[in-house]
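Enquirer: Take a look at the letters that make up each chain.
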Amino acid sequence: MRRPLHTLASLAVTAAVALFSLLPLYWVLVTSLKRPGTEFRLPLRAWPAEVSWESYLTVLGPDFDVQRAILNSLIVSSAVTVGALFLAALAAYAIARLRFRYKVQSLVLIQMAGMAPAIVVIAPTFVLIRSLGLLSSLPGLILPNIAYSIPLSTWLLAAYFANLPFELEDAGKMDGWPPFQVFWRVMLPLAAPGLFSAGVLVFLGSWGEFMLALTISLGLPEAQTAPVAILGFSQAFQLQWAWVSAGIMLSLVPVILLVLLFQRAVIQGLTAGSVRY
Amino acid sequence: MAEVAVENISKRFGAVTAVDDLSWRFDDGKLTVLVGPSGCGKTTLLRMIAGLEEASGGQVLFAGKPVTAVPPWERNAAMVFQSYALYPHMTVFANMAFPLQARKLKQDEIRQQVERTAQALGIDHLLQRKPRELSGGQMQRVALGRAMVRQPEVYLMDEPLSNLDAQLRVEMRGEIKRLQRELGVTTIYVTHDQAEAMTMADTLLVLRDGKIEQAGDPEHIYRRPASAFVAGFIGSPMINLIDGRLDRDGETFTAGAASISLPGELRQVAVGQGQRPLVLGIRPEDVVVSQQAGPDSLPARAVVREPLGKEALLLLAVDFLPTGSLLRAITPPDLRPGPDETVWLHFLPERLHVFDGESGVAVKQNLQS
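Order-wise, the sequence lines are chains D and E.
Per my numbering, the first sequence runs over residues 19 to 295.
Per my numbering, the second sequence runs over residues 864 to 1232.
In short, the hints are calculated from the structure, not lab data.
Heads up, some of the hints might be wrong.
[What the hints assert, rightly or not] SDA-like cross-link-like pairs, simulated, lysine to any residue; straight-line CA separation at most 20 Å:
1. E/LYS967 to D/LEU182
2. E/LYS993 to E/GLY927
3. E/LYS893 to E/PRO1081
4. E/LYS993 to D/PRO207
5. E/LYS993 to D/GLU187
6. E/LYS993 to D/LYS121
7. E/LYS993 to E/SER946
8. E/LYS967 to E/GLU937
9. E/LYS967 to E/GLY985
10. E/LYS1074 to E/LYS969
11. E/LYS1040 to E/ASP1072
12. E/LYS967 to D/TRP202
13. E/LYS1040 to E/GLY985
14. E/LYS993 to D/VAL200
15. E/LYS1074 to E/GLN922
16. E/LYS893 to E/GLY927
17. E/LYS993 to E/ALA957
18. E/LYS1040 to E/GLY877
19. E/LYS967 to D/VAL200
20. E/LYS1173 to E/SER1099
21. E/LYS993 to D/LEU182
22. E/LYS893 to E/GLU1082
23. E/LYS967 to D/PHE198
24. E/LYS967 to D/ARG203
25. E/LYS969 to D/LEU182
26. D/LYS121 to D/LEU108
27. E/LYS993 to D/PRO197
28. E/LYS969 to D/ARG203
29. E/LYS993 to D/GLU185
30. E/LYS1040 to E/ARG1071
31. E/LYS893 to E/LEU1042
32. E/LYS993 to D/LEU268
33. E/LYS993 to D/MET205
34. D/LYS121 to E/GLY927
35. E/LYS993 to D/LEU108
36. E/LYS967 to D/PRO197
37. E/LYS1040 to E/PRO1081
Input sequences plus hints: build the corresponding full structure.
Expert: Listed below in structure tokens is the structure:
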């Protein structure tokens, strides 16, 4: 039995932490609901005296077209997640399960690639994408983001694969399936919880990625992701915090929906793993 | 159906030789048990036949054709694993259908075969369950079903019963034996459990250090072990092995302070051996214990009596075994010596085994058969 004081204390700490991380978001929400031009009006209120949807209508309108940027972000982040997870899963599986020379070295090499700061690789990436003729295009964003995402997801997935029982692979082979099919039909589904955790990280990383997106887009709306487009709101005529905030709120919607949607799948995946081996 | 054979097969892991130049022709349609202590190479041999382990040398043959270079997924051998290795994310049906899908069978054909096999194993009511919802015995049946659902050239079973409790193990051992006989598929079965080996095998292969120590009919091996190692491994309670040597006239075997007189026939064979060290083997059921002294009987001190129901295992301190070693004897239930009571032993002479003291090889098989 827990003592009430103890419960109260842990509740208070949890609330404090939640408040600390949610307060900025709340402030963005409040700002987005103020009429443009009234963002800094005093006194500050916890909720605007009159709720205005004007900013939302503006950013969704033809001048800003934020939905297009959000769609771009969705395409880029989804493609990056699928591509990075597939490649990382192959690499991770090889590193975790196969016997070959320089195994550890290859993992270290992949990790080293992930350690370079974005600012260091941005110029060479730009040159590379330019020579591929992919500037201001979504593939030009997707390919480098896949590359950036591979080190961390390989690391996570290798740890996951290493803990799956070897006999399942043997069973797959004895049942008549060649190695790639065993990987695809047996090992990959069993790694679903690991794939999900890695997938969320990759998706969010690519959703929020700004520097590369700004560089590759060259300011053209057809290749702008949400963060880049939202920054553009401030340059159009003047800095309208209400517009920026409305853009931020709208760009959050797909992320929240996706996490909620996949969470269910993950919980299923986690419980499916609880088998006596 | 096909005859499976290995020729001069070896497996080395670095400096360790797990299987050492081993050749054997597995009887077509029969159940062959590979038995031996851990590290004897039995599982490695099985995995090489499966193709899961690459041989360092030698050949594996299915129906006379070498398959050593054929990968496991093309070998058409079905395997049952110790851990069952059921796919946790698939239903029982999907688990059993998996090998059939690999063979590109039609959907309704797959359904038919899975249902038929499930029925034969009494698991047809479990088809929609996931492995985690099954008991150990049910998982074992599904694992068997996944192997039996197709017609492989050979079944390979790697200690399939060792995760089951004792009662279920006895039940499943009969079940596997029955199914194997009905299907008539060549089966190679690995176990470290000598009782399982004895009861299931058509042919028994006793392995030691990567070589076949003795092969044949299990009862024959029990009666005529080719070496002290086999004698010690096969049979429970374990055979008594007594170190000693023959005296000069070859009539008596001296161990410690005791002399055991040998029967005439054995004596003749033993004489030729001179005075080199020998090991005398006598199974617990061949030791006759009496509370009265008789001619040639040896004294012993009762230490522990373990009732087994219809008989009892008596552990005896004797002066011809090193201190700490006890002689095992199976006695009738009505013989109940008190603790530390002196009893008298008589070895059935025709049941004595004699092994070379150094190599452990049988000098002369016992004379009963």
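Enquirer: Check whether the Cα positions of E/LYS993 and D/GLU185 lie no farther apart than 20 Å.
Expert: holds (18 Å)
Enquirer: Need the status of pair E/LYS967, D/TRP202: alpha-carbon distance at most 20 Å?
Expert: Given pair E/LYS967, D/TRP202 holds - Cα atoms ~17 Å apart, limit 20 Å.
Enquirer: Verify the proposed pairing of E/LYS893 with E/GLU1082, using a straight-line Cα cut of 20 Å.
Expert: This hinted pair holds, its Cα atoms lying about 16 Å apart.
Enquirer: Hint check: E/LYS1074 vs E/LYS969, CA-CA at most 20 Å. Holds or violated?
Expert: Roughly 44 Å separates the two Cα atoms, so the pair is violated.
Enquirer: Run the distance test for E/LYS967 versus E/GLY985: straight-line Cα separation, threshold 20 Å.
Expert: At roughly 26 Å apart (the allowed maximum being 20 Å), E/GLY985 and E/LYS967 break the hint.
Enquirer: For a C-alpha distance cap of 20 Å, please report whether E/LYS993 and D/LEU268 respect it.
Expert: Violated. E/LYS993 to D/LEU268 sits at ~41 Å, over the 20 Å cutoff.
Enquirer: Given the hinted pair E/LYS969 and D/ARG203, is their Cα-Cα distance within 20 Å?
Expert: With a Cα-Cα distance of about 19 Å, the restraint between E/LYS969 and D/ARG203 holds, given a limit of 20 Å.
Enquirer: Hinted pair, alpha-carbon criterion (20 Å max): E/LYS993, D/LEU182. Please report holds or violated.
Expert: holds (18 Å)
Enquirer: Would you check the hint for E/LYS967 and D/VAL200, treating anything up to 20 Å between C-alpha atoms as holding?
Expert: OK: E/LYS967 and D/VAL200 at ~15 Å, within 20 Å.
Enquirer: Below or equal to 20 Å on CA atoms is what counts here, so check E/LYS893 against E/PRO1081.
Expert: Roughly 13 Å between the alpha carbons, so the hint for E/LYS893 and E/PRO1081 holds.
Enquirer: Within 20 Å, alpha carbon to alpha carbon, are E/LYS993 and D/LYS121?
Expert: violated (35 Å)
Enquirer: Can the restraint linking E/LYS993 and E/ALA957 be considered satisfied, given a maximum Cα separation of 20 Å?
Expert: Holds, at roughly 9 Å.
Checked against the numbered hints listed earlier, the structure breaks hints 1, 2, 6, 9, 10, 11, 18, 25, 27, 30, 32, 34 and 35; every other hint is satisfied.
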